[in-house]
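As given, the protein sequences belong to chains C and Y, one line each in that order.
Each residue of the first sequence is one higher than the last, beginning at 1 in the numbering used here.
Each residue of the second sequence is one higher than the last, beginning at 1 in the numbering used here.
In case anyone wonders, no lab produced these hints; they're calculated from the structure.
Please note: incorrect hints may appear among the correct ones.
As the list claims (entries may be wrong) - Some, not all, of what chain Y presents toward chain C, calculated at C-beta under 8 Å: (1) Thr14; (2) Pro15; (3) Leu63; (4) Val72; (5) Ser108; (6) Lys245.
In this text, all values refer to a predicted model and were calculated from it rather than measured experimentally.
Virtual Cβ for every residue (Gly too), placed ideally from N, Cα, C.
Spelled out from the first residue to the last, the chains are:
2 protein chains.
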Amino acid sequence: MSISLTILGCHSATPRINAFPTSQYLEINNSHFLIDCGEGTQRQMRKYKVGFSKINHIFISHLHGDHFYGLVGLLSTYGILNREKELHIYGPVGIKEVTLLQLKISQSHAKYKMIFHELSSKKSELIFEDNKVSVRTIPLTHRVYTNGYLFTEKEKPRKLNMLNISGYPEIDRADYLNIKAGRDVVLASGEIISNSELTLDPPKPLSFAFCSDTSYKPDIVPIIKEASLLYHEATFLADREDLAKKTKHSTSKQAAQIAKDANVKQLIVGHYSGRYKDISLFKKEAQEIFKNTNLAEPGKVFSI
Amino acid sequence: MSISLTILGCHSATPRINAFPTSQYLEINNSHFLIDCGEGTQRQMRKYKVGFSKINHIFISHLHGDHFYGLVGLLSTYGILNREKELHIYGPVGIKEVTLLQLKISQSHAKYKMIFHELSSKKSELIFEDNKVSVRTIPLTHRVYTNGYLFTEKEKPRKLNMLNISGYPEIDRADYLNIKAGRDVVLASGEIISNSELTLDPPKPLSFAFCSDTSYKPDIVPIIKEASLLYHEATFLADREDLAKKTKHSTSKQAAQIAKDANVKQLIVGHYSGRYKDISLFKKEAQEIFKNTNLAEPGKVFSI
Numbered sequence: 001m002s003i004s005l006t007i008l009g010c011h012s013a014t015p016r017i018n019a020f021p022t023s024q025y026l027e028i029n030n031s032h033f034l035i036d037c038g039e040g041t042q043r044q045m046r047k048y049k050v051g052f053s054k055i056n057h058i059f060i061s062h063l064h065g066d067h068f069y070g071l072v073g074l075l076s077t078y079g080i081l082n083r084e085k086e087l088h089i090y091g092p093v094g095i096k097e098v099t100l101l102q103l104k105i106s107q108s109h110a111k112y113k114m115i116f117h118e119l120s121s122k123k124s125e126l127i128f129e130d131n132k133v134s135v136r137t138i139p140l141t142h143r144v145y146t147n148g149y150l151f152t153e154k155e156k157p158r159k160l161n162m163l164n165i166s167g168y169p170e171i172d173r174a175d176y177l178n179i180k181a182g183r184d185v186v187l188a189s190g191e192i193i194s195n196s197e198l199t200l201d202p203p204k205p206l207s208f209a210f211c212s213d214t215s216y217k218p219d220i221v222p223i224i225k226e227a228s229l230l231y232h233e234a235t236f237l238a239d240r241e242d243l244a245k246k247t248k249h250s251t252s253k254q255a256a257q258i259a260k261d262a263n264v265k266q267l268i269v270g271h272y273s274g275r276y277k278d279i280s281l282f283k284k285e286a287q288e289i290f291k292n293t294n295l296a297e298p299g300k301v302f303s304i
Numbered sequence: 001m002s003i004s005l006t007i008l009g010c011h012s013a014t015p016r017i018n019a020f021p022t023s024q025y026l027e028i029n030n031s032h033f034l035i036d037c038g039e040g041t042q043r044q045m046r047k048y049k050v051g052f053s054k055i056n057h058i059f060i061s062h063l064h065g066d067h068f069y070g071l072v073g074l075l076s077t078y079g080i081l082n083r084e085k086e087l088h089i090y091g092p093v094g095i096k097e098v099t100l101l102q103l104k105i106s107q108s109h110a111k112y113k114m115i116f117h118e119l120s121s122k123k124s125e126l127i128f129e130d131n132k133v134s135v136r137t138i139p140l141t142h143r144v145y146t147n148g149y150l151f152t153e154k155e156k157p158r159k160l161n162m163l164n165i166s167g168y169p170e171i172d173r174a175d176y177l178n179i180k181a182g183r184d185v186v187l188a189s190g191e192i193i194s195n196s197e198l199t200l201d202p203p204k205p206l207s208f209a210f211c212s213d214t215s216y217k218p219d220i221v222p223i224i225k226e227a228s229l230l231y232h233e234a235t236f237l238a239d240r241e242d243l244a245k246k247t248k249h250s251t252s253k254q255a256a257q258i259a260k261d262a263n264v265k266q267l268i269v270g271h272y273s274g275r276y277k278d279i280s281l282f283k284k285e286a287q288e289i290f291k292n293t294n295l296a297e298p299g300k301v302f303s304i
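Work the whole structure out from these sequences, hints included.
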């Protein structure tokens with residue numbers, strides 16, 4: 001059970017010398033996901049040694065340029081790298097048409113299959129699930145249709161309590177799978193040994209909530225409740241709450257309020273407006289409400 | 001009369017940590033042009049202090065990703081920067097549809113007007129002209145429809161030969177405009193003073209030929225003849241002429257042969273394949289045929 005989140009880009013609006021638009025690389029429970037893909041993402045991936053071939057799923061929050069203009073270049077590069085594995089792309093309706101038109105016009109012939117999952121629901125929905133991770137949407141409120149994504153580890157089997165099991169010589173290795181699955185054991189005598197005596201709780205599944213570009217939206221709190229790690233945009237400081245409201249963004253204070261109300265373990269803020277030269281102010285402001293806040297910065301890795 | 005060419009990116013295929021796809025910024029006779037616009041171009045423009053607002057004309061050679069995937073981001077940034085001046089974009093048929101669809105889907109509302117000039121001719125044509133510069137296409141041969149561009153300064157008026165003029169007290173300041181325009185002067189006596197006696201040749205107009213992504217194509221020689229500066233792609237060294245032929249690119253040797261045959265003053269090679277670690281080999285190979293060869297490198301400025 002582990003999470004490692006690499007920030008590839010975390011600034012808003014336009015790429016600048018030391019400001020890269022949104023993109024994050026998530027390793028969770030040995031699965032690998034790319035989240036958002038602003039212009040220059042593939043170069044940031046190389047810079048921070050993200051293995052291109054590990055990624056089979058890309059999640060795009062919304063179709064503003066600073067969150068997806070790097071997608072077509074990356075898909076094209078996969079073609080040049082002779083990728084053969086299929087690639088799943090999740091994002092708002094429209095992402096397929098615009099991406100395929102670009103690839104078609106640039107005659108980027110790829111051997112691999114792209115599978116687009118276009119989203120349009122305004123309710124949280126399960127969009128991906130395997131035996132390691134599930135992914136749900138977090139409906140956000142922005143100027144265009146936008147989703148955050150909640151990545152949650154699958155619960156592991158229960159752990160054997162070997163100390164207690166050794167007290168029952170009759171229990172055999174062959175029973176372990178059943179015990180791990182939570183079943184009681186019936187001895188030859190007919191005595192029932194409760195599973196709770198034979199096992200320990202598995203580690204709590206970790207989760208990462210990615211909330212990109214949204215107005216202050218308290219109704220996401222139940223969806224992201226108790227998340228191990230929350231990234232929440234903070235485009236402005238509280239002094240420009242008016243501008244946040246107008247442009248459908250959040251302040252750092254609002255991001256911290258969401259983190260507090262959802263009782264998450266750790267908050268990362270990012271998507272800073274270019275107007276702020278000193279991004280440490282975002283941390284300072286958030287920490288007044290939610291202590292365990294950190295700043296997204298290109299190349300920074302958050303591990304649990 | 002001057003040329004200043006800034007290399008923003010000069011590598012082929014995919015953006016890497018220190019490899020940027022094609023883009024060049026040209027100042028010629030006080031006009032400012034952007035040529036090609038691979039992913040990350042706008043960041044390179046900021047890095048090398050190219051004034052965004054000076055550019056009113058963008059020329060795209062062809063619609064392979066490494067030459068135009070940065071265009072939509074730049075156009076979107078112009079919107080964010082509240083550009084109001086109209087912007088002209090030249091490129092192959094299709095560039096308008098793909099660009100406008102991306103801007104529409106990302107709801108990038110721009111105040112400024114974009115004027116697309118879609119090209120489809122296979123013959124060299126005059127596509128831009130004002131009182132300072134003219135631009136012609138250089139039809140190239142690549143895997144998709146591709147043009148290079150020839151930028152030529154407009155000829156200046158003839159220069160007054162004051163030493164000779166002072167020999168004719170009758171010639172007045174009021175005559176100077178006519179003399180500069182090349183007209184003879186008729187004195188009161190009826191004597192005709194030939195313009196060639198009263199003027200000197202103006203400086204020779206400078207020109208820059210941009211030849212991006214092409215097979216070896218000797219028939220461009222007459223178009224770029226005597227150019228002051230030639231950029232010609234050199235994706236491979238001569239040892240991989242087979243691969244150059246197959247992918248419709250050139251070798252450094254072939255680029256040098258074109259420079260020699262066209263009798264240009266200076267050659268710049270670029271668009272190096274990622275397979276070569278030591279790009280100085282491109283210069284070495286070209287110089288065996290054409291001495292005044294230089295390497296394109298990000299941030300390098302070539303001035304005349």
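Status of each hint after checking the structure:
{"no.": "1", "hint": "Thr14", "in the structure": "holds (4 Å)"}
{"no.": "2", "hint": "Pro15", "in the structure": "holds (4 Å)"}
{"no.": "3", "hint": "Leu63", "in the structure": "holds (5 Å)"}
{"no.": "4", "hint": "Val72", "in the structure": "holds (6 Å)"}
{"no.": "5", "hint": "Ser108", "in the structure": "holds (6 Å)"}
{"no.": "6", "hint": "Lys245", "in the structure": "violated (18 Å)"}
Of the numbered hints given earlier, the model fails hint 6 alone.
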